[in-house]
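Residue numbers are given in the numbering used here: position 36 of the first sequence equals residue 36, and the series is strictly consecutive.
Bear in mind the hints are in silico, worked out from the structure with no lab data behind them. Heads up, a few of these hints could be off.
Listed below are the simulated DSS-like cross-link pairs for lysine-lysine, each with C-alpha atoms no more than 27 Å apart in a straight line [what the hints assert, rightly or not]:
(1) K40 / K74
(2) K43 / K74
(3) K23 / K105
(4) K130 / K74
(5) K43 / K23
(6) K111 / K8
(7) K105 / K77
(8) K8 / K40
(9) K105 / K57
(10) K40 / K77
(11) K88 / K105
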Amino acid sequence: MSSYWLVKSEPSAWSWDQMVAAKTTEWSGVRNPGALINMKQMKKGDRAFFYHSNEGKCVVGIVEIAKTFYADPKDEKSGLVDMRAVEKLPSEVTLAAIKQDPALKDMVLVKNSRLSVQPVTAAEWARVCKLGGLKSGN
DNA sequence: GCCAACGTTGGC
DNA sequence: GCCAACGTTGGC
Numbered sequence: 001m002s003s004y005w006l007v008k009s010e011p012s013a014w015s016w017d018q019m020v021a022a023k024t025t026e027w028s029g030v031r032n033p034g035a036l037i038n039m040k041q042m043k044k045g046d047r048a049f050f051y052h053s054n055e056g057k058c059v060v061g062i063v064e065i066a067k068t069f070y071a072d073p074k075d076e077k078s079g080l081v082d083m084r085a086v087e088k089l090p091s092e093v094t095l096a097a098i099k100q101d102p103a104l105k106d107m108v109l110v111k112n113s114r115l116s117v118q119p120v121t122a123a124e125w126a127r128v129c130k131l132g133g134l135k136s137g138n
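Construct the entire structure; sequences and hints are all you get.
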């Protein structure tokens, strides 16, 4: 069974466009223990929302886990997963829209906005896809 | 740019 | 192991 996730990035540091341009991205620099636990649970083929924090504050696209967790040779307290862009949402889903939606009020994004790698439930996944203009979860 | 919430660090 | 001080994140 695959799981759903949400990863955050500041567009000034790493944007969706860069994510698309780079075929595969090594997701590095995560130090938060909770976020690292989530990363370790990612499986190849799992999908994640790509969220722009600070600027934009919206879900912009979907990425796929290309390689599961492995140690970061440069930082023993951290680790990496590989991801690649899958598809852009026809319309961005803003944080304001998520907060406004009763079906999404329990999203980690709302409750613990500082966590940079978060789990997303299947129901939340489907809902955000719908808001973003995708018919299905793919 | 401000500041609240959350994490981390380090002295005890 | 506690907790105060400090640093960082991210929404506003």
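Of the hints given before, which are not true for this structure?
3, 4, 7
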